[in-house]
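These protein sequence lines are chains A and B, in that order.
All the letters of the first sequence, read from the start, carry residue numbers 1 to 280 under the working numbering.
All the letters of the second sequence, read from the start, carry residue numbers 1001 to 1285 under the working numbering.
Simulated from the structure, these hints should not be mistaken for lab results.
Among the hints, a few may not be true.
Claimed, not checked - As a list, the in silico DSS-like pairs of lysine-lysine whose alpha-carbon atoms are at most 30 Å apart: (1) A:Lys175 / A:Lys84; (2) A:Lys175 / B:Lys1274; (3) A:Lys84 / B:Lys1200; (4) B:Lys1118 / B:Lys1200; (5) A:Lys194 / A:Lys84.
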Amino acid sequence: MQRALPYLLLLPATLFLMVFFLYPFGLVVVESFTRGGEWTLANYERMVGHWRFSTAFWNTILLTAVVVPLQLIMALAMATMVSKIEAGRTTILYIFAIPLGISDLAAGLIWLAIFTQSGFLNSMLSFFGLIDRPIFFLGFDNLLMVFIAIALAEIWRATAIMMVIIVAGMGLIPKEYNEAAEVFGASRWQRFTKVTFPLLRPSLQTALILRVLMAFEVFAVVVALGGTSFPVLMGETFNWQFTLQDRGVAAAYAMVILGLSVAFTIVILRLLHVPKEARI
Amino acid sequence: MTVATPAADPLAAAAAPDVRRAGRWVLWTGIVLLVLWVLVPIYLLMVNALSSPAEVNAFPKRFWPSFDLSSLTFFFQFQGVLEALWNSVRVATLTMLISIGLGAPAGYALSRFEFPGKEAFRFLVIMTRAFPLPLLALPLAVLFIRTGLDDSILGLALVHAMLALPFAVLITFSLFSGIPVELEEAAWTLGCTRIQAFVKVVLPLAAPGIAASAIFAFVISWNEVFAAAVLTIQNRTLTAFLLQSLNVSPLPLKFAGGAALVLPALIFIFAVRKYLFAMWGIANR
Chain A
1 MQRALPYLLL
11 LPATLFLMVF
21 FLYPFGLVVV
31 ESFTRGGEWT
41 LANYERMVGH
51 WRFSTAFWNT
61 ILLTAVVVPL
71 QLIMALAMAT
81 MVSKIEAGRT
91 TILYIFAIPL
101 GISDLAAGLI
111 WLAIFTQSGF
121 LNSMLSFFGL
131 IDRPIFFLGF
141 DNLLMVFIAI
151 ALAEIWRATA
161 IMMVIIVAGM
171 GLIPKEYNEA
181 AEVFGASRWQ
191 RFTKVTFPLL
201 RPSLQTALIL
211 RVLMAFEVFA
221 VVVALGGTSF
231 PVLMGETFNW
241 QFTLQDRGVA
251 AAYAMVILGL
261 SVAFTIVILR
271 LLHVPKEARI
Chain B
1001 MTVATPAADP
1011 LAAAAAPDVR
1021 RAGRWVLWTG
1031 IVLLVLWVLV
1041 PIYLLMVNAL
1051 SSPAEVNAFP
1061 KRFWPSFDLS
1071 SLTFFFQFQG
1081 VLEALWNSVR
1091 VATLTMLISI
1101 GLGAPAGYAL
1111 SRFEFPGKEA
1121 FRFLVIMTRA
1131 FPLPLLALPL
1141 AVLFIRTGLD
1151 DSILGLALVH
1161 AMLALPFAVL
1171 ITFSLFSGIP
1181 VELEEAAWTL
1191 GCTRIQAFVK
1201 VVLPLAAPGI
1211 AASAIFAFVI
1221 SWNEVFAAAV
1231 LTIQNRTLTA
1241 FLLQSLNVSP
1251 LPLKFAGGAA
1261 LVLPALIFIF
1271 AVRKYLFAMW
1281 GIANR
């Protein structure tokens, strides 16, 4: 009985993961390589052949490449600032963490309130007398502005998740390490790059993996702000599955997102590898 | 407060106090700017939600609300909104029950036992992180049609529970690890069975943390858009409803809907604020 107990406790969760995680992902793989019951690459050919594919692919990559590094810097800055204050620390941490609880769709709508034609950005520009008539920011002909709006909404929404992980990680670093470096005359910057940053690697790993994967899954923010004018991978997946009712191509898209996610997870794990002996 | 660690900071203490003061000033300016960066967009959404439709569409716009509730009334009386809201609550509640019900026992097992296969299970849980989980909705849509779970509250809750389960396992694992096993052992020597010891000693200590992770699971489901939009047609959740009516609904409806999504999430995150950092920090290592 004593021997079996841990297995009994793990059994429900394990079964659930098998049925709702491993098995469905197996199904996606099969579905992406079959059409009408036969093994084929037709789904992939159809996906790549459509003009929106490469746009969606590069839009997603570009958005990730712009947004994630900025967020990393912001999250590190937030965590460092908060570690320097005592009064009001918890309140400020809570405020910084608020976007963590906000849906990507809601974040898109929040920034729509700012960027839409009768929105707050236009109202502010007109208040300062910079424009006479509202500018149409989020249109087909203004893709740069659409991109900026989406990037801002993404930065606003998802910096919190990295910040929370980094703050928690900084809390685990013994204060003595920094104090010792200080005694030996290390400057603030040196202390950050030589002590805090290396010890923070496990947290950075987690934060980056979670965030980069979320960036590849970007969907509702884009729909709310760009409509169909800014294709991204997840949006195309949704279109093929839901609107065009072609599950094969949707599965092929899913495989692309999956491939990107696994590849980047491995890259991040390698880049920020921490040997077991070096962990605190 | 002005000099946090005087003994460990001889150089800085010797430096001119002006430099210190300037540093403080820069620090607080940065903090205030970042606080505004987070709060102002939410405030602007609320201004829209609390203004009449005419004011929402007007230009230029005022930067404070008129507290006219007609946008919100319009939203709540809109065909399908109340049902969608109720569906969201039901899906999120089920998600919470399934993910904690399955995740907490696993977290307890990981924290208390050494056994062959433990690392394999941990790997399986952590591996879910490398996968874009909302995509699970695609194959499951087909499976659900076969099993009659399509367009159902339970079907969607199962997918959302899959999103929340890895967190539930890792968070409860760290919670139970934080409760000394000696307390349990003491209860056993005093004649408690394993189950009694768990219910009387461990559970009261872990309950607030478990409640916090349950709320977290609720928020994950409440906010999820992709799977909800793929899997529900008649029984849409609020996010699915808003997404699918985006290109047809007028602005006031969108903003009132956005506010209806944001407000409960804000309250929930406030409720678990004490646990946010402990949960994420330790659970994610």
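Hint-by-hint comparison with the structure:
Under the criterion of a C-alpha separation no larger than 30 Å, the hint pairing A:Lys175 with A:Lys84 is consistent with the structure, at around 13 Å. With a C-alpha separation of about 22 Å, the suggested pair A:Lys175 and B:Lys1274 falls inside the 30 Å cut-off, and the hint holds. Taken as a hint, the A:Lys84 and B:Lys1200 pair is broken in the structure, with Cα atoms around 41 Å apart against an allowance of 30 Å. For the hint pairing B:Lys1118 with B:Lys1200, the CA-to-CA distance comes to about 26 Å; that is within 30 Å, so the pair holds.
Restraint check: the Cα-Cα separation between A:Lys194 and A:Lys84 comes to about 18 Å, which is no more than 30 Å; the hinted pair holds.
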